[in-house]
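Chemist: Okay, here's what each chain looks like letter by letter:
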Amino acid sequence: MQFHPEQIDASFYDRLREHYTDAEIVELGVFIGFNVGYHTFFRTLDFYPMFAPDGTLVSQDESRRIFGDSPVSHLSERVAEALARRDGTGGEGDS
Amino acid sequence: MAAVDPIPKSDAEAQGIDLDSFARLGDEEAVFLRILARVPGYAEAIWGAMSESLFEGNVDHRLKEIVRLQLASTAEDAYFGDLRSKEALASGLTEERIAAGRTGFDTDPDFTDAEKWALRYAWLMYRRPEQVDADFYAEGKRHFSEAEIMELGGLIAIHYGMQVFMRTMGNPA
Numbered sequence: 001m002q003f004h005p006e007q008i009d010a011s012f013y014d015r016l017r018e019h020y021t022d023a024e025i026v027e028l029g030v031f032i033g034f035n036v037g038y039h040t041f042f043r044t045l046d047f048y049p050m051f052a053p054d055g056t057l058v059s060q061d062e063s064r065r066i067f068g069d070s071p072v073s074h075l076s077e078r079v080a081e082a083l084a085r086r087d088g089t090g091g092e093g094d095s
Numbered sequence: 096m097a098a099v100d101p102i103p104k105s106d107a108e109a110q111g112i113d114l115d116s117f118a119r120l121g122d123e124e125a126v127f128l129r130i131l132a133r134v135p136g137y138a139e140a141i142w143g144a145m146s147e148s149l150f151e152g153n154v155d156h157r158l159k160e161i162v163r164l165q166l167a168s169t170a171e172d173a174y175f176g177d178l179r180s181k182e183a184l185a186s187g188l189t190e191e192r193i194a195a196g197r198t199g200f201d202t203d204p205d206f207t208d209a210e211k212w213a214l215r216y217a218w219l220m221y222r223r224p225e226q227v228d229a230d231f232y233a234e235g236k237r238h239f240s241e242a243e244i245m246e247l248g249g250l251i252a253i254h255y256g257m258q259v260f261m262r263t264m265g266n267p268a
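Those sequence lines, one after another, are chains L and U. Residues in the first sequence are numbered from 1 upward in steps of one, following our numbering. Residues in the second sequence are numbered from 96 upward in steps of one, following our numbering.
It is possible that part of the hints are untrue.
Negatives, chain L to chain U, calculated, CB over 12 Å [said to hold, decoys possible]:
| id | residue |
| --- | --- |
| 1 | 23 |
| 2 | 34 |
| 3 | 37 |
| 4 | 46 |
| 5 | 49 |
| 6 | 52 |
| 7 | 53 |
| 8 | 59 |
| 9 | 61 |
| 10 | 72 |
| 11 | 76 |
| 12 | 78 |
| 13 | 81 |
| 14 | 82 |
| 15 | 83 |
Calculated cross-link-like contacts (lysine to aspartate or glutamate; reagent style DMTMM-like; alpha-carbon spacing at most 25 Å) [claimed, not checked]:
| id | chain 1 | residue 1 | chain 2 | residue 2 |
| --- | --- | --- | --- | --- |
| 16 | U | 211 | L | 6 |
| 17 | U | 211 | U | 108 |
| 18 | U | 104 | L | 24 |
| 19 | U | 104 | L | 22 |
| 20 | U | 211 | U | 191 |
| 21 | U | 211 | U | 177 |
| 22 | U | 104 | L | 27 |
| 23 | U | 236 | L | 69 |
| 24 | U | 236 | L | 61 |
Pulled from the structure, derived: some chain L residues nowhere near chain U, Cβ distances all over 10 Å [claimed, not checked]:
| id | residue |
| --- | --- |
| 25 | 33 |
| 26 | 43 |
| 27 | 68 |
| 28 | 80 |
If you are wondering where the hints come from, they were derived from the structure by calculation, not from laboratory data. Since the model is a prediction, treat every value here as computed from it, not as a measurement. Using N, Cα and C, we set each Cβ at its ideal position, and we do this for glycine too.
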């Protein structure tokens, strides 16, 4: 939706309908559109993560001191691990 | 035909959705609301935020309407791009100003510096968001209060978000 909206055509919706109802498709589409709109806006506001790497809630000033010029969510590592497990390329918890 | 059909007007009204409120944007059929009505509560919540950001607040409504239509152009969304605020038109907004808000606004002598900043804000947001930085906001604060900048930012985010969604709906008219 954000990068290649032209690919979301009638056949794409037909495939979606194999898995979701029309109500669920609207629910997903609006959710995605809402997040495309707001996350880009929030990015420009220079927000910093609300949590330190140990999960402690911190102020924006404290977060800025912790994360420096390139803030990365403390969840990013867990997300990467989950994606690696999904793709079978390793990650914590793989047996 | 839309990718997801709008529900019948009678069904939407039975949910308590005020379809007439969408006529402010020039769509008497309220197609957008009737698509959102497939999810309980969505039409009221999403249109409520869109309507509040477009029709209320301190920033001139005509400027916000030009911003909204520039965003529809960015999103390549014909549905919202074809709609016009009746109030903006009634207060003198012209198609010439709407078109001027899409391209060439930076050198257009008929836009004030504040209007140019607002139009640049919308233009950069989804094309060059990295340029919407601290310096850019500092410039904006010379023209607008922080509340007004948030009013513009919220308008841009919610309207663009729903435009990218409606673009994928095909031709819902």
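Chemist: So which hints don't hold here, by number, going up?
Modeler: 1, 2, 3, 4, 16, 17, 25 and 26
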